[in-house]
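Chains as they are written, first to last, in the UniProt record's numbering: chain H, 1 to 286; chain G, 1 to 239; chain S, 1 to 230.
Since the hints were made in silico from the structure, they are not lab data.
Keep in mind that the hints are not guaranteed to be accurate.
Where chain H lies over chain G, by a calculated footprint (3+ residues, C-beta under 8 Å) [to be verified]:
#: 1; segment: 138-148
#: 2; segment: 156-162
#: 3; segment: 224-238
Just so we're clear, the structure is a prediction, and the values are computed from it rather than from any experiment.
Ideal Cβ positions, reconstructed from N, Cα and C, are used throughout, including at glycine.
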Amino acid sequence: MTSSAMPPPATAPEPQRPGAGAPPSSPVAAPLAGPAPAAAAGVPMIAIDQVSKWYGDFQVLTNCTTSVVKGEVVVVCGPSGSGKSTLIKCVNALEPFQKGQITVDGTKVVDRRTNLPQLRSRVGMVFQHFELFPHLSITGNLSLAQRKVLGRGREEAEAKGMALLERVGLKAHAHKFPGQLSGGQQQRVAIARALAMNPVVMLFDEPTSALDPEMVGEVLDVMVELAREGMTMMVVTHEMGFARKVANRVIFMDRGEIVEDARKEDFFGSPRSERAQTFLSKILSH
Amino acid sequence: MNYNWNWGIFFEASPEGTGTYADMLLSGLIWTIVTALCAWVIAFAVGSVIGVMRTLPGRVPQAFGNAYVELFRNVPLLVQMFLWFFVLPEVLPESWGTWLKQMSNAPFYTAVVCLGLFTASRVAEQVRAGIQALPRGQRMAGTALGLTTAQTYRYVLLPNAYRIILPPMTSEFLNNLKNTSVALTIGLLELTARARSMQEFSFQVFEAFTAATLLYILINLVVVTASGLLERRFAVPGR
Amino acid sequence: MFANFDFSVILTSLRYLFLDGMTFTLTLTALAAVGGVVLGTLIAMMRLSGLPVLPQVAKVYVNFMRSLPLVLVIFWFYFLVPYIGQWATGAERPIQVGAFTSSLVTFTLFEAAYFSEIMRAGIQSIPRGQAAAASALGLTYWQSMSTVILPQAFRNMLPVLLTQTIVLFQDTSLVYVLSITDFLGAASKVAQRDGRLVEMYLFAAVVYFAVCFVASLLVRRLQRRVAIIR
Numbered sequence: 001m002t003s004s005a006m007p008p009p010a011t012a013p014e015p016q017r018p019g020a021g022a023p024p025s026s027p028v029a030a031p032l033a034g035p036a037p038a039a040a041a042g043v044p045m046i047a048i049d050q051v052s053k054w055y056g057d058f059q060v061l062t063n064c065t066t067s068v069v070k071g072e073v074v075v076v077c078g079p080s081g082s083g084k085s086t087l088i089k090c091v092n093a094l095e096p097f098q099k100g101q102i103t104v105d106g107t108k109v110v111d112r113r114t115n116l117p118q119l120r121s122r123v124g125m126v127f128q129h130f131e132l133f134p135h136l137s138i139t140g141n142l143s144l145a146q147r148k149v150l151g152r153g154r155e156e157a158e159a160k161g162m163a164l165l166e167r168v169g170l171k172a173h174a175h176k177f178p179g180q181l182s183g184g185q186q187q188r189v190a191i192a193r194a195l196a197m198n199p200v201v202m203l204f205d206e207p208t209s210a211l212d213p214e215m216v217g218e219v220l221d222v223m224v225e226l227a228r229e230g231m232t233m234m235v236v237t238h239e240m241g242f243a244r245k246v247a248n249r250v251i252f253m254d255r256g257e258i259v260e261d262a263r264k265e266d267f268f269g270s271p272r273s274e275r276a277q278t279f280l281s282k283i284l285s286h
Numbered sequence: 001m002n003y004n005w006n007w008g009i010f011f012e013a014s015p016e017g018t019g020t021y022a023d024m025l026l027s028g029l030i031w032t033i034v035t036a037l038c039a040w041v042i043a044f045a046v047g048s049v050i051g052v053m054r055t056l057p058g059r060v061p062q063a064f065g066n067a068y069v070e071l072f073r074n075v076p077l078l079v080q081m082f083l084w085f086f087v088l089p090e091v092l093p094e095s096w097g098t099w100l101k102q103m104s105n106a107p108f109y110t111a112v113v114c115l116g117l118f119t120a121s122r123v124a125e126q127v128r129a130g131i132q133a134l135p136r137g138q139r140m141a142g143t144a145l146g147l148t149t150a151q152t153y154r155y156v157l158l159p160n161a162y163r164i165i166l167p168p169m170t171s172e173f174l175n176n177l178k179n180t181s182v183a184l185t186i187g188l189l190e191l192t193a194r195a196r197s198m199q200e201f202s203f204q205v206f207e208a209f210t211a212a213t214l215l216y217i218l219i220n221l222v223v224v225t226a227s228g229l230l231e232r233r234f235a236v237p238g239r
Numbered sequence: 001m002f003a004n005f006d007f008s009v010i011l012t013s014l015r016y017l018f019l020d021g022m023t024f025t026l027t028l029t030a031l032a033a034v035g036g037v038v039l040g041t042l043i044a045m046m047r048l049s050g051l052p053v054l055p056q057v058a059k060v061y062v063n064f065m066r067s068l069p070l071v072l073v074i075f076w077f078y079f080l081v082p083y084i085g086q087w088a089t090g091a092e093r094p095i096q097v098g099a100f101t102s103s104l105v106t107f108t109l110f111e112a113a114y115f116s117e118i119m120r121a122g123i124q125s126i127p128r129g130q131a132a133a134a135s136a137l138g139l140t141y142w143q144s145m146s147t148v149i150l151p152q153a154f155r156n157m158l159p160v161l162l163t164q165t166i167v168l169f170q171d172t173s174l175v176y177v178l179s180i181t182d183f184l185g186a187a188s189k190v191a192q193r194d195g196r197l198v199e200m201y202l203f204a205a206v207v208y209f210a211v212c213f214v215a216s217l218l219v220r221r222l223q224r225r226v227a228i229i230r
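The following block holds chain H by itself, in its conformation from the complex:
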């Protein structure tokens, strides 16, 4: 996926810390506001507050602060190793973090009283490598968590799964096993599996980067449709076409920090950090 728009010439020399309030449109070296103004009025569905994480001595996340409001689509991008996948996995506590707090729909992630399985069941997640369960049929994949976590009956779970399969265009494959589907089909099933839990928010961790190029489109189409229906989404991806089409905001991360957190129009119009500009020029230039 490429874009015809070239990045503007570099103007902002320094990376900025998010969080401090400032006029969001200032082109030079201005600290960025958290959520963009358009979305700021909404209810935060995900609030990430000063999150830091270390692997031993190595710091992978540094004071990350941002939020995603209800109905918003936020794209997280950045070079590999920038911590974007780690950050998104912190949201449903797949990765533990040592400092800060994340609140999902009013529930604190780091809190002994939080029932994590229950919280996770309301946060849908789609992985880079699909992670369908290879020993279960597509129907089995769709109904396992519905039955074991939500306590739905077999018929209800299978009906729900079927409806979602139809939505992602794979109803005919219900009886097959993951290994019999193409990568793009598997990822669409994985999206349906997450949706079957009636999530309040969906997390996507590089959902198209393990796919052959000709299969990227079919997965993105499902995601675009989902975004247009008003699903709250946090998406780690390099697909800038997708970002342009449906994102409300774009977060740029580098070396464990949120360097830029801006409205889509501002991010693509005039990214203020040099690092973001370099990144954009690299991924848009081919």
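Using the hints provided, position chains G and S relative to the given structure of chain H.
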């Protein structure tokens, strides 16, 4: 080779007075199979638990699992047999020890427990390796869907791990079966012990051992065939 | 429960246990390991040779040995070796064979089956290009095996071969069924003579554990070093 072959020996009455030598060997075969199956039940259950413990995130279960495997793997099976059979009754409180010593069929129960716990350490190794061979994302996907750790193991990790390790588990089962012969040292009348007593009674040493050898090969073939069927039965389409 | 645990019986029999028993055990382990690896390598080469019959013979041998319990094989050879000796030397009667010779033959032939599987994996792990390169340089089969393929295969498989040797070390305790004075046999004889089963068997267990545990730690260390180099 000046050895007096007598293949008819199998149909002669054994000095035990309960049947022919062939009957004697068959009863040994049955004890071998029964002991192996009972021990395998313990080995599979305990080994799975220990193997799972070694893949849990907590330090304590990991350390316990590792200690178990090291302990049972680094002492010869024969010595373990002796510890269970001769030493355990002596170090238990006296009344328990007496009860153990007077138990009928003590060699059988001892062999089952000893072999079961010994083989469990090998099963644990396989289960751990199987779970660790799965992509890390599988555990995450289960967790992300809201499954608890126990549910993730039960419905996602173990069903896949067991499929991967079916071939090595078959060899562990065969090892377990062959190891029942070590229990002849504590008086279990299994196949090798029976062949040995036939040799002592009849002096037809090579006939006795040939018969035992053929029976072992036969069980091996049966197990390998059964394992192949099992593998096909649980094969996942598309892989 | 250990109130009447008698350490002195261990102390007074230490000389016997180690000088007689452990010496036998270690000698048997070392010789059988060397013999087993050599024979096992030859069997592996037969199996991979692509010649007529030889691969099948090797396969049958390996599968045959691996489907029998070691105890039965020990008995087999204990009775068979005198006859083989008679046949080999042309003597009139089955020749007398010592316990050590009989055990050594048994363990060498038995372990060769297991070592051959390891060496087969080792040889197969060497890229085909290596054999091709050796042939292209004009080396014969034996030259390329002995100077190119086997050294690499052996090196790759060294940790596994050593682990199998630890298993062999434990397995030698089974010569107990022939009443041989290996380490366990010695402990057992003292145990029976003095009625000190608890002390002697526990001590034997501790010694076996210490030897095998330390050896396996060393093997793991070696494994990490080999892994880094490659």
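Hints the structure fails to honour
The structure breaks none of the hints.
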